[in-house]
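Trainee: These are the residues of each chain, in order.
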Amino acid sequence: MTEETPNALPLSTPTRRHTPWGQILAWGGLFVLLLIVAFILLRRQQGPVGVGQPAPTFTLTTFDGEQISLDGLAGKVVLVNFWASWCKPCEQEAADLESAWRYYQPRGDVVFLGIDWTDTESAAMEYLEKFDITYPNGPDLGTRISQRYRTTGVPETYVIDKNGLLAYVKLSPFLSEQEIHSAIDPLLQP
Amino acid sequence: MKSSRILALTLLTALLTFGMILAVQAQEPAPTPSDNQVNAIAKQLYCPVCENVPLDVCPTQACAQWRALISQKLTEGWSETQIKDYFVEQYGDRVLGTPPPRGLNWLVYIIPPLVILGGAILLYRVLASMKKPSPSLAPAQNQTSSQKDEYIERLEEELRSK
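Residue numbers (our numbering), protein chains in the order written: chain A, 1 to 190; chain B, 1 to 162.
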């Protein structure tokens with residue numbers, strides 16, 4: 001008996017494999033899209049800027065046409081208040097803010113800035129006149145400043161210390177002038 | 001002589017009347033735009049405060065102020081484009097119904113057509129492969145069966161020789 005090993009015949013002929021560019025492109029595109037969605041969702045969930053972080057810089061053009069840059073206020077305590085004329089809770093704190101401003105203004109090392117969020121200029125001017133507000137106020141053009149602070153509505157107040165760090169955040173109206181003082185006074189101590 | 005004087009007087013009176021009409025028209029304030037005119041623009045803009053609510057149907061005080069602003073701008077002679085540009089400058093892109101085609105916004109315009117195109121190509125290929133069997137598949141099957149036969153033959157031969 002002769003033992004003959006049969007010649008192994010290939011079961012299938014080898015085929016030339018093409019690189020699946022279409023699939024790579026589709027999966028790559030989907031991955032990039034998911035990354036963008038994740039980035040946007042992450043940004044939305046970040047919440048307002050936290051205490052201790054550097055305050056986002058901005059330049060405010062006031063209703064009088066004056067340009068005030070936050071960088072130019074280094075060495076001063078800055079209170080940034082976001083408000084709108086249609087916002088009822090903003091009215092609650094307007095008089096207290098103005099009163100506090102008149103208290104601190106002579107010192108020279110405290111600055112109040114009012115940022116009018118999504119408002120009409122005529123209504124904003126009426127509001128400022130109604131509450132006799134004298135500290136600098138201006139519109140948040142294109143909502144750029146509020147986006148930098150990731151505000152969630154109005155009123156919101158951010159107090160920045162002399163080193164440009166965010167020292168106090170209030171996401172609702174101040175209930176008394178004393179509350180404003182208690183946010184600013186600790187930052188003025190040497 | 002007399003007729004020429006009458007003609008001159010008539011002309012002068014006509015000119016004066018025409019001039020007075022023009023002066024009165026110039027002094028007249030622009031007519032207040034109707035609600036329909038205001039809403040035609042307002043419905044293309046969205047409330048910047050309340051999400052996804054067009055300005056024409058938004059019930060808040062803020063939206064009423066913005067509609068009044070549109071009316072005021074129309075009275076001042078602003079065009080629809082000018083008013084929309086003003087709103088974008090003041091409140092950002094989110095007041096527009098459709099995002100302006102720039103930056104990342106381009107994705108909104110590019111991705112859906114690409115996905116539809118890709119889907120159509122995929123569907124076409126799947127349908128095409130379902131319709132006719134792959135020409136390379138039939139000989140391969142025959143070849144496999146002939147190979148099998150060859151093995152069976154050899155196996156039977158071996159068995160017989162035993």
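Source of the hints: derived by calculation from the structure; they are not laboratory data.
A hint or two may mislead.
Short derived list, chain B residues pointing at chain A, Cβ under 10 Å [stated by the list, open to error]:
| hint | residue |
| --- | --- |
| 1 | Val57 |
| 2 | Gln72 |
| 3 | Glu89 |
Covered stretches of chain A, as calculated for chain B (at least 3 residues, CB under 8 Å) [claimed, not checked]:
| hint | stretch |
| --- | --- |
| 4 | 25–35 |
| 5 | 111–123 |
| 6 | 135–143 |
Please read these numbers as outputs of a predicted model, since none were measured by experiment.
Glycine residues also receive a C-beta, built at the ideal position from the N, C-alpha and C atoms.
Trainee: Would you mind marking each hint as holding or not holding in the structure?
Mentor: Against the structure, the hints come out as follows:
1. Val57: This hint is violated: B:Val57 lies away from chain A, its Cβ roughly 17 Å from the closest one there, beyond 10 Å.
2. Gln72: Status holds, d = 8 Å.
3. Glu89: 6 Å, holds
4. 25–35: holds (count 3)
5. 111–123: It holds: at least three residues are needed, and the stretch 111–123 of chain A offers 5 whose Cβ sits within less than 8 Å of chain B.
6. 135–143: holds (count 4)
Of the numbered hints given earlier, the model fails hint 1 alone.
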